[in-house]
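Going line by line, the protein sequences match chains A and B.
Going by our numbering, the first sequence opens with residue 1, and the numbers climb by one from there.
Going by our numbering, the second sequence opens with residue 1, and the numbers climb by one from there.
A few of these clues could be false.
Said to hold, decoys possible - Examples of chain B residues toward chain A, derived with CB under 8 Å:
hint	residue
1	K69
2	V70
3	K74
4	L134
5	M136
As the list claims (entries may be wrong) - Here are a few chain A residues that sit away from chain B, every Cβ distance over 10 Å (derived from the structure):
hint	residue
6	A13
7	D36
8	G66
Claimed, not checked - Here are the simulated EDC-like cross-link-like pairs (lysine to aspartate or glutamate), alpha carbons at most 20 Å apart as the crow flies:
hint	chain 1	residue 1	chain 2	residue 2
9	B	K390	B	D332
10	B	K69	A	E14
11	A	K54	B	E127
12	B	K69	A	D26
No lab work stands behind these hints: they were computed from the structure.
We put the CB at the ideal spot given by N, CA and C, even for glycine.
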Amino acid sequence: MAHTQDEILAGLAELVAEETGIPAGDVQLDKSFTDDLDIDSLSMMTIVVNAQDKFDVEIPDEAVGGLKTVKDAVDYISNAESAKA
Amino acid sequence: MTGSDDRQIAVTGMGATTPLGGDVKTTWEAALAGTSGVRPLQADWLERYPTLPVEFACRLAEPVTEKLKVPEIKRLDPSGQYALISAREAWAHAGAPEVEPERLAVCMASGIGGLYTTLQTYDTLNEKGARRVLPMSVPMLMPNGPAAAVGLELGARAGVHSPVSACASGSEAIAQGVDLIRRGLADVVLAGGTEGCIHPVTIAAFGAMQALSKRNDEPERASRPYDVDRNGFVMGEGSGAIVLESLAHAKARGATIHAILSGVGVTSDGYHISAPEPEGKGAARAIRAALADADLAPADVIHLNAHATSTPVGDVAEAQAIRLALGEATDDVAISATKSMTGHLLGAAGALEAIFTVLAVRDGIAPPTINLDNQDPKITLDVVGKEPRKLTGTDRVAVNNAFGFGGHNVALAFRNAD
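Let's have the full structure, built from the sequences with the hints guiding it.
Here it is as structure tokens:
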């Protein structure tokens with residue numbers, strides 16, 4: 001079942017918090033993963049792998065570079081879920 | 001008998017998480033009280049693997065959640081988690097010495113490494129595919145992972161090392177730390193060992209070697225070094241770490257010196273992949289080398305913390321090695337076999353037992369050997385039985401032995417600081 005944008009954001013924020021200790025509330029749509037949240041590439045890959053598992057979508061390696069902001073990731077997951085449905 | 005001053009290394013901090021306690025103090029108190037660290041294995045393992053030969057082990061006394069944050073736990077294999085806990089305690093205990101990062105090294109060994117992570121990653125690959133394998137799997141499973149984690153924690157830049165020599169690994173790490181200081185490459189070294197691999201795979205594999213006690217009907221009495229009814233070791237987990245400093249560095253900063261690490265001896269048997277050389281020649285050479293390095297004589301030794309795993313063959317070979325190394329002086333040495341209480345911490349064993357040896361010379365007391373009901377007549381040693389024994393005298397010298405599959409032998413000689 002497809003998730004709403006809010007549900008995806010909340011789920012993603014939880015994964016970021018688990019991986020990095022950044023409070024989930026700080027993970028907002030306009031935040032950049034690297035510039036604002038200071039997430040390194042290893043943590044980013046971990047979050048991506050866990051997001052694939054959580055939302056049951058595929059995020060190919062070549063797509064990860066395009067996920068600059070939290071909104072990019074939420075949109076990507078949302079679109080991937082829609083494409084599957 | 002103190003040896004030349006530039007060969008002497010001060011022990012200024014200790015940390016541990018063990019089957020007897022979540023830190024050094026509780027572990028030592030439990031050891032002196034003769035406590036068994038045996039606990040039942042998790043039930044789901046037993047249901048899933050009904051043919052496992054053993055239903056008990058020496059699990060950690062305190063869960064890691066008491067000391068580590070969730071992100072730390074998620075990013076470290078159990079072996080790395082335990083290492084971080086013991087290292088933090090040791091560093092704080094040493095008073096967090098001020099040292100140039102370029103003069104600080106870490107030697108943190110593991111005998112088996114990140115087995116949990118390896119096997120979990122394999123399960124993930126099989127069940128969910130390669131795209132679900134976590135990128136942190138590699139730093140978590142690599143045998144130098146714990147050393148790297150501790151090195152990062154302390155900002156060590158004089159080298160981060162992780163010698164692998166099976167059940168002698170923790171002791172070899174300490175020996176390596178001594179070397180780094182003596183060669184002038186570091187002023188302070190955090191050294192120790194860690195192991196977190198109590199898993200159906202290791203239980204099955206060590207069981208297949210006939211190395212484990214299968215005394216499922218009385219598990220607390222299963223680890224019984226030197227007893228005539230011993231039938232193998234009990235797997236344990238945990239970590240021990242000590243802070244080593246050049247004596248000059250420790251004195252200059254006014255550090256509390258818990259003991260002096262005077263000599264190290266490292267040898268190999270060149271004999272068999274798992275069995276010790278039966279007459280104990282290789283182990284005896286390690287003990288003699290440690291004493292020679294320390295400029296000590298056998299008659300100076302009053303206590304020895306033995307490797308003594310509780311296997312039928314290993315204990316006899318070690319007893320012969322001790323007599324071969326110390327000769328007539330053997331009869332005046334109080335021998336403790338603390339694995340009777342902690343189980344066998346594999347790559348962490350030598351580190352934890354080095355801590356016990358430091359505490360024995362510092363506090364003047366030899367820990368007990370529980371479950372020693374009938375000493376094997378082939379083992380002619382003065383074994384400290386079920387009660388701890390006071391160590392008299394003002395010059396207290398003790399040796400700690402550690403041996404590993406592959407014929408690794410390490411002996412460390414400690415003396416009290418004043």
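Verification of the supplied hints:
Proximity of B:K69 to chain A holds as hinted, the smallest CB-CB distance being about 7 Å (cut-off 8 Å). At about 7 Å, the closest approach between the beta carbon of B:V70 and any beta carbon in chain A falls short of 8 Å, and the interface hint on this residue holds. Taking 8 Å as the C-beta contact cut-off toward chain A, the hint placing B:K74 at the interface holds, the least distance being around 7 Å. With its C-beta approaching chain A no nearer than about 6 Å, B:L134 sits inside the 8 Å limit, and its interface hint holds.
About 6 Å separates the beta-carbon of B:M136 from the nearest beta-carbon of chain A, less than 8 Å, and the hint is met. Every CB of chain B is more than 10 Å from the CB of A:A13 (nearest about 14 Å), matching its label as outside the interface. Interface exclusion of A:D36 from chain B stands, the closest Cβ pair being 18 Å apart, more than 10 Å. Distance check on A:G66: its Cβ is at least 17 Å (rounded) from any Cβ of chain B, clearing the 10 Å threshold; non-interface status holds.
Between B:K390 and B:D332 the CA atoms are separated by roughly 13 Å; this keeps the pair inside 20 Å, and the hint holds. Only pairs whose Cα atoms come within 20 Å are accepted, and B:K69 paired with A:E14 is accepted, the gap being roughly 16 Å. Restraint check: the Cα-Cα separation between A:K54 and B:E127 comes to about 15 Å, which is no more than 20 Å; the hinted pair holds. Simply put, B:K69 and A:D26 have alpha-carbon atoms about 19 Å apart, close enough for the 20 Å limit, and the pair holds.
Hint violations for this structure: none, all hints satisfied.
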